[in-house]
Amino acid sequence: MKAVTWRGVNEVGVEDVPEPKILNDHDIILEVGLSVTCGSDLHLLGGYIPAMRAGDVLGHEFMGRVAEVGRAVTKHKVGDRVVVVSFIGCGLCWYCEQGLWSLCDNGNPNPGITETLWGQSIGGCFGYSHAMGGWAGSHAPYIRVPYADNGAFTIPDGVSDERALFASDAAPTGWTGADQAGIRAGDVVAVWGAGGVGQMAARKAMLMGAERVVVIDRFDNRLEQVRTHIGAETLHYEQVDVPAELREMSGGRGPDVCIEAVGMEAHSSGPQYLYDQVKQQMRLQSDRPTALREAIYACRKGGTVFALGVFGGVVDKFPMGAVMNKALTLRGAQQHGQRYVPEILDLMSRDEVRTEHLATHVMSLDDGPKGYRMFKEKEDGCVRAVFRPGG
Amino acid sequence: MTSPLGSVASLAAKVGGAVVGQVRSVLGQGGGAGAASAPASGWLAVSIYREPSELDATALPAPLAAYGDRIETRIRPAPGGKGSELAVRLTRGSSGKTSGPARLSGSDPNADLRSALRQAKQLIEVGEVLRVDPASHGKRNATPAGAVLEVATKRAPKGGVL
Ligand SMILES: NC(=O)c1ccc[n+]([C@@H]2O[C@H](COP(=O)([O-])OP(=O)(O)OC[C@H]3O[C@@H](n4cnc5c(N)ncnc54)[C@H](O)[C@@H]3O)[C@@H](O)[C@H]2O)c1
Ligand SMILES: [Zn+2]
Ligand SMILES: [Zn+2]
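First to last, the protein sequences are chains L and A.
Terminal number for the first sequence in our numbering: 391, no gaps in between.
Terminal number for the second sequence in our numbering: 162, no gaps in between.
Calculated directly from the structure, the hints in this document are not laboratory data.
Certain hints may be false.
[Unchecked claim] When the alpha-carbon atoms are kept at most 27 Å apart in a straight line, the in silico DSS-like pairs for lysine-lysine are as follows:
no.: 1; chain 1: A; residue 1: K139; chain 2: A; residue 2: K154
no.: 2; chain 1: A; residue 1: K154; chain 2: L; residue 2: K21
no.: 3; chain 1: A; residue 1: K139; chain 2: L; residue 2: K2
no.: 4; chain 1: L; residue 1: K2; chain 2: L; residue 2: K378
no.: 5; chain 1: L; residue 1: K2; chain 2: L; residue 2: K21
no.: 6; chain 1: L; residue 1: K370; chain 2: A; residue 2: K139
no.: 7; chain 1: L; residue 1: K21; chain 2: L; residue 2: K77
no.: 8; chain 1: A; residue 1: K154; chain 2: L; residue 2: K2
no.: 9; chain 1: L; residue 1: K21; chain 2: A; residue 2: K139
Isolated chain A, as found in the complex (with noise of 0.2 Å):
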């Protein structure tokens, strides 16, 4: 069962079509000026709200520990009482300098370490890493705009600009 709700904002659908446009624009642009640029070093950095004696560099949690020496890790107190600040870096292969957009188009060699940095904060921060899937929902339409949203969704855990 499906009503339109006809008012002017239906005309933004014919002007280029609302989602899909917009969707586009927002993954497309990234937030503006510098909003997706790597730093130069490669490392990836997160605060975590927890002293750093409470971390342990040799005892990451899983997520992290997997990249074994893959990953240089770098733990250091957090300034004004923010806790510490866990930073990890490829040692191989990519420095990770990529854009935004293409952190959610899907071209980022540092994407996978992206999301293992923000699931083990999660895990130091609160014990378990929050699932989303599968949350409740009715019928898919097989539209370019959803098809769009699907992907972007699928590589935001491992996007952004961490």
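Chain L with its partners taken away, still in its complex shape (with noise of 0.2 Å):
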């Protein structure tokens, strides 16, 4: 079968591949109906996150019908249409039964190379390295999919395919980093990266009663989207000094809730860009926290700081000062959809999370480089480029 690949630093291919098979009872083989790159996508691409190989294939964020199921399988049958978390957890271990999910002890087989890393492995995600578990990824007209009753979700009939897609990453992120952020009715929120992550973390904030929602990037058509899809607030951080705007929103007091949505590959106008920019390049820091610097910066005093973006190493300047003095609680993960998923999609069938507008590009799997690169480059206002493999 055909599927989107990984074939170097900034190289993406298409090109054939076996079609997977069911290894486990709790597989099922999913067909892949929508798969859609996500800004994680772009730390792979650039070689940010270590650990991929040439021909793995692309893709975490994807949905479908069931195809086949494992003997032990109960929740599905074939013929299912099914939304599909991208990290893949047990269900069994502490950590899924504490609901964090993307920590389970057994959905990643090659737990040797983040143990290494980081002193714990975490879960498995699909197409997202061997790092974490070698899972072949979605941009596929199949997918195997383990823990398949924990995993994937039947669609509700009145949420469409365009909608339930964002109910496998994006939403359950946005979910993740404003629950796990504890926001409270009232709290004023700040969202760094108006991608498709901070969008639905904006959203989620809306609906946890947050008395003010603040998304923050450059990009004119994603900051548009934020105000008319997600109905929050924006700030174009190249026109305003934000911790200063923030700090008037709020009082003088500085957000309760900093939320940052970029990961390692920020981007920024001022004269530090360059230097994190070249020490990551030297390999002197693996990552570049220009927004997570500028969160803890501006965030209220004894308020809390959760990074969604992505981080896969080190962080240069990091500032632990005003961690420290400012009685900061600083957080992070990799989402947990599987305790999200069910509210999302009910929130979505009830139009109350609405994520089409993010699907900006839809193309064949042929379209995966030009995919890639117009949401790379954010070409044509593309947010997200997705893929159907039914063509």
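The task is to assemble the complex, starting from two chains supplied on their own in separate frames and drawing on the hints.
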């Protein structure tokens, strides 16, 4: 079958790969309906996440129809229309039991790599390098889904494919950040990054009763989407002084909760950017934490900063003084989708969560390289490139 | 069909070879201070989300049972409702004091036991050992980076700091 693959740093290919088979009793094989690019893939393309091999199938955010079920699968049958969480959780270890699904002890068959890197390994993720399990990705006509009773969710009839697709990764990631940051009614919440993840974090913050939600980016079309489709306020970081605006918007306090949805390749306009970029390229730091630094600086005393953006290794010029002296709570997580998807699908069916606008460009698998180029360079207002393997 | 996504990041490739450099630095440095050392006692331990009464030291899952009297076993309750702690150590041979990187590069006497312990945990918790291979993939290039990573990935189930 045809698949979109990682060929090397900044090289995306389309090539033939073998069709997946059921290997474990809890597997399903899914016929992929839609599969979308994610900001996380850009870190793979840029070579910032090691442990990708030429030929690895990309894609971790997807929906489709069940084509085959393993013997132990009880919740799904052939033909079901489902959306699948990008992280793979067993549902039976202590972490899964706590609802911390992306920390599953059993979802990553290659734990040695991240254990060595981080001290403990986390769960596996589709299409996200051999460090995260070596699982084949979803930009293909078929994908194998392990632990399918936990990770695959039946899509309610009234919810379109284009909407349900984002219940796989972007929405549950936003939900993870807002929920785990402990947003309370009346909070002022700032979100860095107006991509799919930042937009969804902002939406959840509003649903949790935040008084003001502000999303920060430099792309007008994305900020426009935030205002129109999410209903949050926006700041253009190249036009204003972000911490100053946030102070003003919060009566001088700073936001109660700051959510970073940018990640390790953050952009900035100052000289610090060049410094970070050169250090990153020289491998003196692995990640560029521009937005994270700003979030820590802007956050009110005693507030919470949540890193949803993916970081891989170490960052430089980390403002530890602000974290310690301002008594901040600093958290991060890969998404714990399994606990949020039912709520998200329910809200989607009631039009409380809308995501179709994120799918700015829908194309075939043959257009994989073009889709990634458009998404990365934000050509033609691309917010997410979506692949439809069925053509 | 391949398309270069040329941008500043491609510069990284030129500075010492992004992937090789990064994989080497990840696999070669461990995770920072102390992350790579083994306990002096030689015990390898995992927590299993099951009551200690559900674990039987005399009827361990096959991957550990196969060791027979070549391992010692210790089972105790995990505090805070985290289930049980299952620990094993080799009774003969090396005490397994190797560094994390050495485990990924293959010179670790505990490698097979570490993998067996992880499998035993999965068999007790989930009932089967999760398989990833064969995973669908395209053409593998014969590059130094690919070779380094292939070796590291093969050893990853046996490596780590467990
Ligand atoms: N934690 C998780 O489980 C999880 C899941 C999915 C994605 N992610 C991560 O979330 C991040 C965002 O994902 P996405 O798909 O929305 O990506 P995206 O690339 O579409 O969006 C990122 C946005 O951040 C903006 N940005 C860059 N620098 C900025 C700065 N200094 N200040 C404010 N905004 C800035 C960009 O203009 C862009 O619009 C990525 O790092 C991705 O890896 C994490
Ligand atoms: Zn993602
Ligand atoms: Zn688990």
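Taking the hints in turn, this is what the structure says about them:
For the hint pairing A/K139 with A/K154, the CA-to-CA distance comes to about 18 Å; that is within 27 Å, so the pair holds. With a C-alpha separation of about 21 Å, the suggested pair A/K154 and L/K21 falls inside the 27 Å cut-off, and the hint holds. A threshold of 27 Å between alpha carbons decides the hint, and for A/K139 with L/K2 the separation of about 12 Å falls inside it, so the pair holds. Distance hint between L/K2 and L/K378 is fulfilled; the C-alpha atoms sit about 25 Å from each other, no more than 27 Å.
Distance hint between L/K2 and L/K21 is fulfilled; the C-alpha atoms sit about 16 Å from each other, no more than 27 Å. Proximity of L/K370 to A/K139 is assessed by CA-CA distance (about 20 Å); at most 27 Å being required, the pair is judged to hold. For the proposed pair L/K21 and L/K77, the alpha carbon gap of about 16 Å is at most 27 Å, so the pair holds. Of the supplied pair hints, the one linking A/K154 and L/K2 holds, its CA atoms being roughly 26 Å apart against a limit of 27 Å.
Proximity of L/K21 to A/K139 is assessed by CA-CA distance (about 19 Å); at most 27 Å being required, the pair is judged to hold.
In this structure, every one of the numbered hints holds.
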